[in-house]
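Trainee: Sequence:
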Amino acid sequence: PEGTEYTWKETPDTKTPGTKDATVVVTYPDTTTDEVPVKVHVVTPEGQDQTVTKGEQPKAGDSIANKDDLPEGTTYTWKETPDTKTTGDHTATVVVTYPGGSSTEVTVTIHVTDDTPTTVTPEGQDQTVTKGEQPKAGNSIANKDDLPEGTTYTWKETPDTKTTGDHTATVVVTYPGGSSTEVTVTIHVTDDTPTTVTPEGQDQTVTKGEQPSAGNSIANKDDLPEGTKYTWKETPDTKTTGDHTATVVVTYPGGSSTEVTVTIHVADDTPTTVTPEGQDQTVTKGEQPKAGDSIANKDDLPEGTTYTWKETPDTKTTGDHTATVVVTYPGGSSTEVTVTIHVMDDTPTTVTPEGQDQTVTKGEQPNAGNSIANKDDLPEGTTYTWKETPDTTTPGDHTATVVVTYPDGTQVEVAVTLHVDEPAVAAGTNATGQTTTKQVAQTNGNNGNQTTTDQATTQRLPQTGNQTNGWAALTGALGLSLLGLFGIGKKRKHD
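Under the UniProt record's numbering, the residue at position 92 of the sequence shown is numbered 92, and the numbers go up by one with no gaps.
Calculated from the structure, these hints are not laboratory results. Hints may contain errors.
Unchecked claim - The list that follows gives simulated cross-link-like pairs (lysine to any residue, SDA-like), each with its CA atoms no further than 20 Å apart:
#1 85 - 111
#2 375 - 334
#3 290 - 362
#4 54 - 109
#5 298 - 334
#6 316 - 342
Work out the full structure, taking the sequences as your base and the hints as a guide.
Mentor: This is the structure:
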């Protein structure tokens, strides 16, 4: 009734957001009362920044992010009007007033940007339209993306596109602050008369009963005007196999048309007598194999044949799994082929490279890979390099390190030993390459010992050296002969 009053039994707590239980006391004119339990939803207004240009007055409500969640009739005002005369960030306070009269304050930031026209100069670009087509002013500005958001583009005067040729026009570029600049551009107006390109027919092949597309019988569709249509003058007969003549009607956008005679090859859709041959394939665990990859002679089967799995192969577990490929021919008939899928573990190999010694001659550069014994067990693409180039200038055993680099870039180092040998010396030569001379003692008939030269020095020396060696050999031989004679004389005297 008129005169009824409503009060809170206890004032609801609205200091924190959330749903609060409260009781409204309804007092009627005759002083009788009723208590009505209600729920009070306390929503906290959330502030959000906004950006305006210098001198622009921001709206208080635009700085509240969750206005839609607040009660209908809530109003938003500035506690103090924000200063937008200077650029930069300015703090402001929004007073949120609820329908009941209570209010709360929310602090927000106003970003004030400069409204001075950008220093980026708009760059004009030509554009091409067909006769009578109205070009867009913005399409004649090449660097629109570099200009301020909100920049607009209009024609100073509408370009004339009624006649073909090049026409000069002016784009008015207006910045958000109101300043503007003009850019002169060229509009190329082309004739919209149908092209003089002659459509070229081409044969196409379909299976018996298949309906060919008229456009597929035109070889140079890409050279004809956009919007050109292709239809059959009469629907081709594809009920019987063989070659059938048909006519394509080419209709241009302007309505004119021309006819092109083509040939339709109708092939038999009877399934081929070639039997599909299955072949095993190998995949890693979890990899989905393609059904067609399990048919070895796909190239011998009819074009358009499809390959599907009867049931998707299980590749979650390693090992050999039997699967069935359904081979479906263009005519709709099908056959099944049983194949085997080898599922391999995709866990990376744990093979450790094993070092091995190698022997080289002094000065020879060893190959790093030759010092790894189990290269064949390591992943394809693994490379082998020396950490430091081994020293082979001195004979003996030298320690070196091979860096083994796997295809994924990881590396491991393997210590190995290099045996460096002196170069091989030929028989009968010394370390300097000279031929050696061997003295052989012989007993003569008088029991005297005679030493002879078994080998002569064969190394070629300068002439002077050869002569000296010859005299030395002769002197030695004479000495030995005298000693022999002396021995014989003594023996005879003794006898």
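Trainee: All hints are to be evaluated individually against the structure, with a verdict given for each.
Mentor: For each hint, the structure was consulted:
1. Simply put, residue 85 and residue 111 have alpha-carbon atoms about 11 Å apart, close enough for the 20 Å limit, and the pair holds.
2. Taken as a hint, the residue 375 and residue 334 pair is broken in the structure, with Cα atoms around 48 Å apart against an allowance of 20 Å.
3. Taking the CA atoms of residue 290 and residue 362, the gap is near 57 Å; set against the 20 Å cutoff, the hint is violated.
4. Taking the CA atoms of residue 54 and residue 109, the gap is near 14 Å; set against the 20 Å cutoff, the hint holds.
5. With a C-alpha separation of about 14 Å, the suggested pairing of residue 298 with residue 334 holds against the 20 Å cut-off.
6. About 11 Å separates the Cα atoms of residue 316 and residue 342, which keeps this hinted pair within 20 Å; it holds.
When each numbered hint is compared with the structure, violations occur for hints 2 and 3.
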